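Engineer: Given the structure of chain A, go ahead and fit chain B onto it with the hints provided.
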Amino acid sequence: MIMISIAKDFSRFPAGRFFSDGPYSGEKFREEFLIEPIKKGEEIVVDLDGVAGYGSSFLEEAFGGVVRKLKLARAKVDEFIKVRSTDESLVAEVTSYMYEAAA
Amino acid sequence: MPSYSDSTFEWIKVGLQAVGYLGGWALIVGGWVFTSRDSLKRERRKELRARIDGFIEVIEEIEKNALAYYKTPAGADAPSDSPNQAWLVSALGRLSRGLSRLKKAQNVNVVAQIVRFRQSVTSGDFDSKERLARKDTDPVLHKISVSALELIEHLESEYDRIHP
Numbered sequence: 001m002i003m004i005s006i007a008k009d010f011s012r013f014p015a016g017r018f019f020s021d022g023p024y025s026g027e028k029f030r031e032e033f034l035i036e037p038i039k040k041g042e043e044i045v046v047d048l049d050g051v052a053g054y055g056s057s058f059l060e061e062a063f064g065g066v067v068r069k070l071k072l073a074r075a076k077v078d079e080f081i082k083v084r085s086t087d088e089s090l091v092a093e094v095t096s097y098m099y100e101a102a103a
Numbered sequence: 001m002p003s004y005s006d007s008t009f010e011w012i013k014v015g016l017q018a019v020g021y022l023g024g025w026a027l028i029v030g031g032w033v034f035t036s037r038d039s040l041k042r043e044r045r046k047e048l049r050a051r052i053d054g055f056i057e058v059i060e061e062i063e064k065n066a067l068a069y070y071k072t073p074a075g076a077d078a079p080s081d082s083p084n085q086a087w088l089v090s091a092l093g094r095l096s097r098g099l100s101r102l103k104k105a106q107n108v109n110v111v112a113q114i115v116r117f118r119q120s121v122t123s124g125d126f127d128s129k130e131r132l133a134r135k136d137t138d139p140v141l142h143k144i145s146v147s148a149l150e151l152i153e154h155l156e157s158e159y160d161r162i163h164p
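Residue numbers (the numbering used here), protein chains in the order written: chain A, 1 to 103; chain B, 1 to 164.
What the hints contain is simulated information worked out from the structure, not anything from laboratory work. One thing to keep in mind: the hints can contain errors.
[Unchecked claim] Keeping only pairs whose Cα atoms sit at most 20 Å apart, straight-line, the calculated DMTMM-like set for lysine to aspartate or glutamate is: (1) B/LYS41 - B/ASP125; (2) B/LYS135 - B/ASP125; (3) A/LYS76 - A/GLU36; (4) B/LYS46 - B/GLU57; (5) B/LYS103 - B/ASP136; (6) B/LYS103 - A/GLU88; (7) B/LYS104 - A/GLU79; (8) B/LYS46 - B/ASP160; (9) B/LYS71 - B/GLU156; (10) B/LYS104 - A/GLU36; (11) B/LYS103 - A/GLU27; (12) B/LYS129 - A/GLU27; (13) A/LYS40 - A/GLU79; (14) B/LYS104 - B/ASP53; (15) B/LYS103 - B/GLU153.
In this text the structure is predicted, and so the values were computed from the model without any measurement.
Next comes chain A alone, as it looks inside the complex:
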């Protein structure tokens, strides 16, 4: 299992959807932190706390994007990616993006 804290391991100010939007985009987070571990079959637990705030575009590109790119079924999403936050609305939003993107 791999634990990732977006605030500590990536940025306290993640922003943007694509690489072209800035240095801490959803696309960058997905490519650097999510793709390879999931391909190797690792379970990832992502802690969303500690960040100033999230844009929906960041969340959708990072989490919806990894599911689309790896063509994960919903059962695999539940198996590989766990999202934690004291803010329930963030968990709900991310989960909805992943399930909507699921094959």
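Structural biologist: Positioned in the frame of chain A, the structure of chain B alone reads:
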């Protein structure tokens, strides 16, 4: 010689005095409990009302700044005093965390509504450097206002549910 009926009468008299004494205390304690609970309930209602009013102010401020943000173009063309991405994302983050704490403390559930509000403000071309200014009638602006109103209305209905 004292009769059976005299001692019985005495016991009845003592018994009634005891009941009267205890009953008086029961009334005092019961009254205190009732008053305390009623007072606590009023305090909790006032506290929740104040917190919700505070959140409504924040929601309206975010809405106002989000509309202004989308009415100005991105990048170099944006006036220096226009609201920016960082402010909107941070303000939404603080609002969301505050509402999450409110849910834990007072069971006010607006999770779906805060998700929609955040999405309305920060989806689409929110981050794009090519974002153009939108007109007042643009559907994106309409969606922001509708989701802000929906969040406020739901906060109010949660308050009414908790304190009818």
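Engineer: Each hint should be assessed against the structure and marked as holding or not.
Structural biologist: Tested hints:
{"no.": "1", "hint": "B/LYS41 - B/ASP125", "in the structure": "violated, 46 Å"}
{"no.": "2", "hint": "B/LYS135 - B/ASP125", "in the structure": "holds, 15 Å"}
{"no.": "3", "hint": "A/LYS76 - A/GLU36", "in the structure": "holds, 15 Å"}
{"no.": "4", "hint": "B/LYS46 - B/GLU57", "in the structure": "holds, 17 Å"}
{"no.": "5", "hint": "B/LYS103 - B/ASP136", "in the structure": "violated, 34 Å"}
{"no.": "6", "hint": "B/LYS103 - A/GLU88", "in the structure": "holds, 9 Å"}
{"no.": "7", "hint": "B/LYS104 - A/GLU79", "in the structure": "violated, 28 Å"}
{"no.": "8", "hint": "B/LYS46 - B/ASP160", "in the structure": "holds, 13 Å"}
{"no.": "9", "hint": "B/LYS71 - B/GLU156", "in the structure": "violated, 29 Å"}
{"no.": "10", "hint": "B/LYS104 - A/GLU36", "in the structure": "violated, 36 Å"}
{"no.": "11", "hint": "B/LYS103 - A/GLU27", "in the structure": "violated, 32 Å"}
{"no.": "12", "hint": "B/LYS129 - A/GLU27", "in the structure": "holds, 16 Å"}
{"no.": "13", "hint": "A/LYS40 - A/GLU79", "in the structure": "holds, 13 Å"}
{"no.": "14", "hint": "B/LYS104 - B/ASP53", "in the structure": "holds, 18 Å"}
{"no.": "15", "hint": "B/LYS103 - B/GLU153", "in the structure": "holds, 16 Å"}
Violated hints for the displayed structure, listed by number in ascending order: 1, 5, 7, 9, 10, 11.
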